[in-house]
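S.K.: Sequence:
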Amino acid sequence: MPSPRDHQPVRVRFAPSPTGLLHLGGARTAMYNYLLARQTGGQFILRIEDTDQKRYDPTAEQDIIDSLHWLGLQWDEGPDVGGPHGPYRQSERKALYQPLAAQLIENGQAFYCFCSREELEASRNEQKARGVQARYAGPCRDLSPEEAQARVAAGAEHVIRFKMPREGSITVTDRLRGDITFENRNLDDSVIVKSDGLPVYHLAAMADDYLMKITHVFRGEEWLPSLPLHAHIYRAFGWTEPEWVHLSLFLKPSGKGKMSKRETEAMRLTGQTIFVKEMGALGFLPEGVLNWVALMGWSYDDSTEFFTLEDLVSKFTIDRLNPSNAAIDFKKLDHFNSLHLRALPPEELARRCMPFLVAAGLPADLETVTRIAPIIRERMVTLDEAPDWMAFFFKDKVEPAPESLIAKDLTAAESRAALARATAELEALPEWTHTAMEEKLRALVEELGLKAGQLFGLVRNATAAQPVSPPLFESMEILGREVTLARLKYALGLLETLT
RNA sequence: GCCCCCAUCGUCUAGGGGACCAGGACGUGACCCUUUCAAGGUCAAGACCGGGGUUCGAAUCCCCGUGGGGGCACCA
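Position one of the first sequence corresponds to residue 1 (our numbering), numbered consecutively onward.
Keep in mind that the hints were calculated from the coordinates and are not lab data.
The structure presented is a predicted model; accordingly, all values stated were derived computationally and were not measured.
Built from N, CA and C at the ideal position, the CB exists for glycine as well.
Incorrect hints may have been included.
Said to hold, decoys possible - Here are the simulated DSS-like pairs of lysine-lysine, each with C-alpha atoms no more than 30 Å apart in a straight line:
hint: 1; residue 1: 440; residue 2: 397
hint: 2; residue 1: 128; residue 2: 54
hint: 3; residue 1: 395; residue 2: 489
hint: 4; residue 1: 315; residue 2: 261
hint: 5; residue 1: 332; residue 2: 315
hint: 6; residue 1: 332; residue 2: 261
hint: 7; residue 1: 252; residue 2: 331
hint: 8; residue 1: 163; residue 2: 128
hint: 9; residue 1: 163; residue 2: 194
hint: 10; residue 1: 163; residue 2: 94
hint: 11; residue 1: 261; residue 2: 194
hint: 12; residue 1: 163; residue 2: 252
What the hints assert, rightly or not - Cβ pair distances, simulated, as ranges:
hint: 13; residue 1: 360; residue 2: 5; range: 18 to 28 Å
hint: 14; residue 1: 125; residue 2: 358; range: 53 to 63 Å
hint: 15; residue 1: 134; residue 2: 171; range: 50 to 60 Å
hint: 16; residue 1: 360; residue 2: 95; range: 45 to 55 Å
Produce the entire structure from the sequences given, and follow the hints as far as they go.
M.R.: Below is the structure:
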């Protein structure tokens, strides 16, 4: 069911914690946010959730920014671009959370807790042994405000916990699943401010979403269990909740569970990755990745599957999101990538191939690559294949295996004779175009009573020195008269040695 | 163990009571086209988890099983 809030300008945010590389799940969440923001003329905000100093990775924020840029998902407000509701790093917003936590304590909706980690650990184990759900069971919840205040004033180390009601229930609406009811007795007195004074996610994210006027919260389904806590926090402050949209999870290709670190590593060996940063180097286009990922958990109709980012901006709707988990299918990524590869104008495709050609040590130039682009784009799946397809255009000379110059069902001498005739025909050509070459050589095939594949295969191996290559005549045209003829003559020389 | 979510071809999905002996895509197989490889075209195999209801009628609604997934931290 669409909500009227989906159509007014939304304020949405992508709020990753800087603990590692941006992965596919994050990319999808960021994209859905972006789509709704652009569609409604709202704002897309990037917020860094760095309240955990232990897991903080100083390189992660840059990776997130780079990856998002690569995907083309530009944000309107964020740590690097600023905005009216900053700062956009939670570590820089510490002062904002403190009075909020104080307010909850004031109202009796939170309490100071002085229990040690050891005590909590012991209590948890004891409860687990009894087979009950482990929850906070210490004495601090019932401390008088005066005593708690006194201990804090005396410098006692403490955290702040949310005082979860012991009875009743709370019903929260998730946009994909409808109303979900949780019994409060199953909920915990969760820590909302750590002993280092920084809030945990539960408080920080809710406070920021409220302060930043976030209207829709897109996040992974792994957050569903803490949704009641978050709703309680919102309600404790008397704030209006955002639209909650819990996205399905991405499962490993086998469909058995989330991706683990171990499997992520193993994947690298097979040329697959879930990290956005690494996809470009593997030859994937942002367009392909986006299209692929968009369709894992969302669909437009029963048949449309090719989408550009702009298409998605106009067509995305929350109500067509699918709540069930999806196994990652890299074969399908190949498919979408090749689709988008073919959709690129030749010069653009060439531009994107250049880094790979240069990395392969080929003296490629943009003009030539642009001429090659149209004849290879239908056979390329990823950009990293560019050198394989194009290398022979840029080498000074090629070294065909002599045996490869003997056509099927022909002797070496016959092959040599045929190749010699072909060379002569081409040499005599007034204009070096693929149509003219094809016309001549087809006539020759006829004259010699050969099959097209026999002659063309010879010429292919002589000029490209590889059995699989782009269309022959177009290739020779691009190669140019001089180089082509030189290679043919060199091949004739090689054949000489076999006769 | 407790809590929560999910459930259509191997995979991603369409389907929101009759239009469905369930549609599309990837992948797979066959054939056609063909100078290699692709692309393209045609065809094929392939699914409503099970059981109860509700209804004249359920893939679609409800319940119970089962299965899968997620969560139970001073991490997000």
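S.K.: Decide, hint by hint, whether the structure agrees.
M.R.: Against the structure, the hints come out as follows:
1. Only pairs whose Cα atoms come within 30 Å are accepted, and residue 440 paired with residue 397 is accepted, the gap being roughly 25 Å.
2. Restraint check for residue 128 and residue 54: satisfied, since their Cα atoms lie roughly 27 Å apart, inside the 30 Å limit.
3. The hinted pair formed by residue 395 and residue 489 meets the criterion: a straight-line CA distance of about 16 Å does not exceed 30 Å.
4. Our distance criterion of 30 Å between C-alpha atoms is broken by residue 315 and residue 261, whose separation comes to about 34 Å.
5. A threshold of 30 Å between alpha carbons decides the hint, and for residue 332 with residue 315 the separation of about 21 Å falls inside it, so the pair holds.
6. With a C-alpha separation of about 22 Å, the suggested pairing of residue 332 with residue 261 holds against the 30 Å cut-off.
7. Pair hint residue 252 plus residue 331 holds up; C-alpha atoms about 13 Å apart against a cutoff of 30 Å.
8. Between residue 163 and residue 128, the direct Cα distance comes to roughly 22 Å. Compliance with the 30 Å bound is thereby established for this hinted pair.
9. Taking the CA atoms of residue 163 and residue 194, the gap is about 15 Å. The hint holds against a cut of 30 Å.
10. A hinted pair counts as satisfied when its Cα atoms are at most 30 Å apart, and residue 163 with residue 94 qualifies at roughly 21 Å.
11. Note on residue 261 and residue 194: the hinted pairing holds, with a Cα-Cα distance of about 27 Å set against a maximum of 30 Å.
12. Restraint check for residue 163 and residue 252: the C-alpha separation of about 38 Å exceeds 30 Å, so the hint is violated.
13. Between residue 360 and residue 5 the beta carbons are some 51 Å apart, a value that contradicts the proposed interval 18 to 28 Å.
14. A hinted range of 53 to 63 Å for the beta carbons of residue 125 and residue 358 is consistent with their spacing of about 59 Å.
15. For the hinted restraint 50 to 60 Å between residue 134 and residue 171, the CB-CB distance of approximately 24 Å leaves it violated.
16. For the pair residue 360 and residue 95, the supplied restraint of 45 to 55 Å holds, since their beta-carbon distance comes to about 53 Å.
In this structure, the hints that do not hold are numbers 4, 12, 13 and 15, in rising order.
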